[in-house]
Amino acid sequence: MTLLFRNGSAKDKIVAILSATRQHARGLAFFVTIYKSLMLLQRKMAASGKNTDLHTFIAGFIGGYFVFGEKTSVNQQIILYLFSRVAMGLVNTIMKNTNTQAPPKSFALFAALCWGIVMVLFRRDKSTLQNSLKNSMTYLYEDSNSWTSLKTLLWHNK
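Residue numbers (this note's numbering): -16 to 141.
Hint data in this document are derived by calculation from the structure and do not stem from the laboratory.
Please note that a few of the clues may not be correct.
Claimed, not checked - Straight-line alpha carbon distances no greater than 30 Å define the calculated DSBU-like cross-link-like pairs of lysine-lysine that follow:
| # | residue 1 | residue 2 |
| --- | --- | --- |
| 1 | K(-6) | K117 |
| 2 | K79 | K33 |
| 3 | K(-4) | K109 |
| 4 | K54 | K88 |
| 5 | K19 | K88 |
| 6 | K79 | K(-6) |
| 7 | K(-6) | K54 |
| 8 | K54 | K19 |
| 9 | K88 | K(-4) |
| 10 | K109 | K134 |
| 11 | K(-4) | K117 |
| 12 | K54 | K117 |
| 13 | K(-4) | K19 |
| 14 | K134 | K(-4) |
| 15 | K117 | K88 |
| 16 | K54 | K79 |
| 17 | K88 | K(-6) |
Full structure from sequences and hints, please.
Following this line, the structure appears as structure tokens:
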């Protein structure tokens, strides 16, 4: 996405990609270290010598706060990605625990709802959208309205 939608030279884009990759990997490594350390500490302190769901939540909560609590573009991407997976996991858990099946076309309706809402948000006030989404949508739906050749239409028109 950086190659397609970010302004700047190829070198600038590669540097940005490598920097984001480093920040992502570092964040995950720190999170794993904090999480596993807290799980070990809680297991040692537990009367049963075993971890519980509460221990898991506490370790994840503390690790998430300290590692991903700063609002950077990389952290936002990670948390938005994670949030969508958590939401789907919760829906699947509820369906599994209630022995319920997804209604026909439920994913198609969910996709349609998401796209309908994001297009309205983009049209009315794009500043409410996350930066990378806003930039991608601006490129696709506004910048593509003016182009001088097939190259600027298909590759980069601004």
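message = For K19 and K88, compute the direct alpha-carbon distance and say whether it is at most 30 Å.
response = violated (40 Å)
query = For the pair supplied as a hint, K54 and K19, is the alpha-carbon distance within the 30 Å limit?
reply = Measuring from Cα to Cα gives roughly 24 Å; hence the hint holds.
ask   = Taking 30 Å as the top limit, are the C-alpha atoms of K(-4) and K109 close enough?
value = holds (24 Å)
message = Between the alpha carbons of K(-6) and K117, is the straight-line distance 30 Å or under?
response = Roughly 23 Å separates the two Cα atoms, so the pair holds.
query = Are the Cα atoms of K(-6) and K54 separated by 30 Å or less?
reply = holds (25 Å)
key: Proposed proximity, K19 with K(-4) (alpha carbon, max 30 Å)   = violated (34 Å)
request  = Please work out if K79 and K(-6) have their alpha carbons no farther apart than 30 Å.
outcome  = This hinted pair is violated, its Cα atoms lying about 48 Å apart.
ask   = Is the hinted pair K134 and K(-4) satisfied, with a Cα-Cα distance of at most 30 Å?
value = Roughly 19 Å between the alpha carbons, so the hint for K134 and K(-4) holds.
request  = Starting from K54, check that the Cα of K117 is at most 30 Å away, please.
outcome  = Within the cut-off at roughly 17 Å; holds.
ask   = Is the straight-line distance between the alpha-carbon of K109 and that of K134 30 Å or less?
value = Since the Cα atoms of K109 and K134 sit roughly 27 Å apart, the hinted pair holds (cutoff 30 Å).
query = Going straight from one Cα to the other, do K79 and K33 come out at no more than 30 Å?
reply = holds (26 Å)
query = Is K88 close enough to K(-4), meaning Cα to Cα at most 30 Å?
reply = It is violated: about 39 Å lies between the C-alpha atoms, which goes past 30 Å.
In terms of the numbered hints stated before, the structure departs from hints 4, 5, 6, 9, 13, 16 and 17, listed from lowest to highest.
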